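*Asks:* Sequence:
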Amino acid sequence: MRTKLLAVAAALALATAGQAAEGLNKGTPEIQSVAALAFGPNGLMFVGDAQAATIFAIDTRDTKPAGDKAVNVEKIDGKIAATLGTTEKDVRINDVKVNPASGNIYVAVTRGTGAGQPAIVKVNREGTAEPMNLKDVMFASVKLPNPGKPTQRDPMGAITGMSYLDGKLFVAGLSSEEFASTLRAISYPFKDADKGAGIQIWHAAHGKLETQAPIKAFVPFKIGGEENIIASYTCTPLVKIPVSELKSGAKVKGTTIAELGNMNQPLDMISYTKDGKEYLLSANTKHGVLKIPTTEFATVSALTEPVRGGGAAGVKAEKITALTNVTQLDKLDAERAVILVKTSDGFDLKTVPLP
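Here the numbering used here is used: position 191 in the sequence shown is 210, and no number is missing along the way.
None of these hints come from the bench; they were simulated from the model. Treat the hints with caution; some may be incorrect.
[As the list claims (entries may be wrong)] No farther apart than 30 Å at their CA atoms in a straight line, the calculated lysine-lysine pairs in the DSS-like style are these:
no.	residue 1	residue 2
1	K88	K369
2	K45	K88
3	K227	K45
4	K310	K272
5	K187	K296
6	K270	K338
7	K350	K154
8	K369	K293
9	K266	K83
10	K338	K305
11	K162	K210
12	K154	K83
13	K227	K241
14	K154	K141
15	K272	K241
16	K162	K350
17	K241	K296
18	K210	K227
19	K296	K310
20	K338	K296
21	K310	K361
22	K266	K227
23	K310	K162
[What the hints assert, rightly or not] Here are the simulated distance ranges between beta carbons:
no.	residue 1	residue 2	range
24	M151	K361	22 to 30 Å
25	T106	Q51	17 to 25 Å
26	E297	E145	14 to 22 Å
27	D364	L228	40 to 48 Å
28	G186	Q136	29 to 37 Å
None of the values given here were measured: they were computed from a predicted structure. We put the beta carbon where it would ideally sit given N, CA and C, even for glycine.
Input sequences plus hints: build the corresponding full structure.
*Replies:* If you want it as structure tokens, here you go:
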């Protein structure tokens, strides 16, 4: 019996490895920047390189469950800096994502000023940080055909966020098209990336239609059986965009379902279920962490008039006052989130219950 079980386990391991390795080749990816991370199945990690306008898919080979221990690391930026042979002042954290295949945490880092030097650091459940070795890994890449040019103000503008769902990688950012705000749905395994769809929204706080501002945070979310992208922009409209309309060269008008208040920039967003109800959790520069019920997403009236004076309108959000100075967040499991918190002398990585 034990021999049969070992044979079955070996077969499953080979099958998993084969799924992760589909479309990949061995080599060393020439990554110039790490603007955003996302995870697909079986430890497959997507890396958004805004400087090279390229998406990389890398087999992390990190599929062994890491256990359910909470991750709590004070001054994670200092630990990351030490592993990279530098100081925390020389480290900028761009993204934090949990690998659902293992439960380990991956941190996208820029070392130095401006475009700097890229690094990806893995943090395990014990809080140990180690740089990811990108030499001789299984990987694939796809070039974005019409990226917006990096600027000193926004060197990562070509890729502002990514999320994987059901064989497609959704990539938000700026392009060189007339509608600069762009969403791309890129099939995986990679073949090529089309020019994406230009996105127009009604920006209620500004009182005008907007096509130039990039999506700052988003999640794929099903509404009434239809897949949508729920996107958040600076100053802070919340918009639903049907995935079915994301065709190459299309000009898509999103539906603004909430205005969360201006003079604010969204930083990160996740979706989750609690007590049988679905929510979004959004980290923001001014408004802190907002919990947004999704029950009205299908029925709420679109915002089409200005919302002045920094007010809110549409779908209501609840401020989670217990969570402050959160700059990144991701689901650790069904009941907990991992958050990156700015402190007076650096950044802490913490595990908290989903509110």
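*Asks:* Can the restraint linking K266 and K83 be considered satisfied, given a maximum Cα separation of 30 Å?
*Replies:* Distance ~37 Å between K266 and K83 Cα, so the pair is violated.
*Asks:* Next pair to validate is K210 with K227; report whether the Cα-Cα distance is within 30 Å.
*Replies:* At roughly 37 Å apart (the allowed maximum being 30 Å), K227 and K210 break the hint.
*Asks:* Is it true that the CA of K187 sits at most 30 Å from the CA of K296?
*Replies:* holds, 26 Å
*Asks:* Given the hinted pair K296 and K310, is their alpha-carbon gap at most 30 Å?
*Replies:* holds, 12 Å
*Asks:* Can the suggested window of 40 to 48 Å be confirmed for the beta-carbon pair D364 and L228?
*Replies:* With a Cβ separation near 43 Å, D364 and L228 satisfy 40 to 48 Å, so the hint holds.
*Asks:* Take the C-beta atom of E297 and the C-beta atom of E145, compute their distance, and say whether it sits inside 14 to 22 Å.
*Replies:* For E145 against E297, whose Cβ atoms are near 32 Å apart, the range 14 to 22 Å is violated.
*Asks:* Run the distance test for K227 versus K241: straight-line Cα separation, threshold 30 Å.
*Replies:* With a Cα-Cα distance of about 27 Å, the restraint between K227 and K241 holds, given a limit of 30 Å.
*Asks:* Given the proposed pairing of K310 with K162, does the C-alpha separation stay at or below 30 Å?
*Replies:* Measuring from Cα to Cα gives roughly 35 Å; hence the hint is violated.
*Asks:* When you check the alpha-carbon spacing of K266 and K227, does it fall within 30 Å?
*Replies:* holds, 24 Å
*Asks:* Quickly compare the C-alpha distance for K338 and K296 to 30 Å and report which way the hint goes.
*Replies:* holds, 17 Å
*Asks:* Taking 30 Å as the top limit, are the C-alpha atoms of K338 and K305 close enough?
*Replies:* holds, 11 Å
*Asks:* Take the C-alpha atoms of K350 and K154, compute the straight-line distance between them, and say whether it is at most 30 Å.
*Replies:* holds, 29 Å
In this structure, the hints that do not hold are numbers 2, 3, 6, 9, 18, 23, 26, in rising order.
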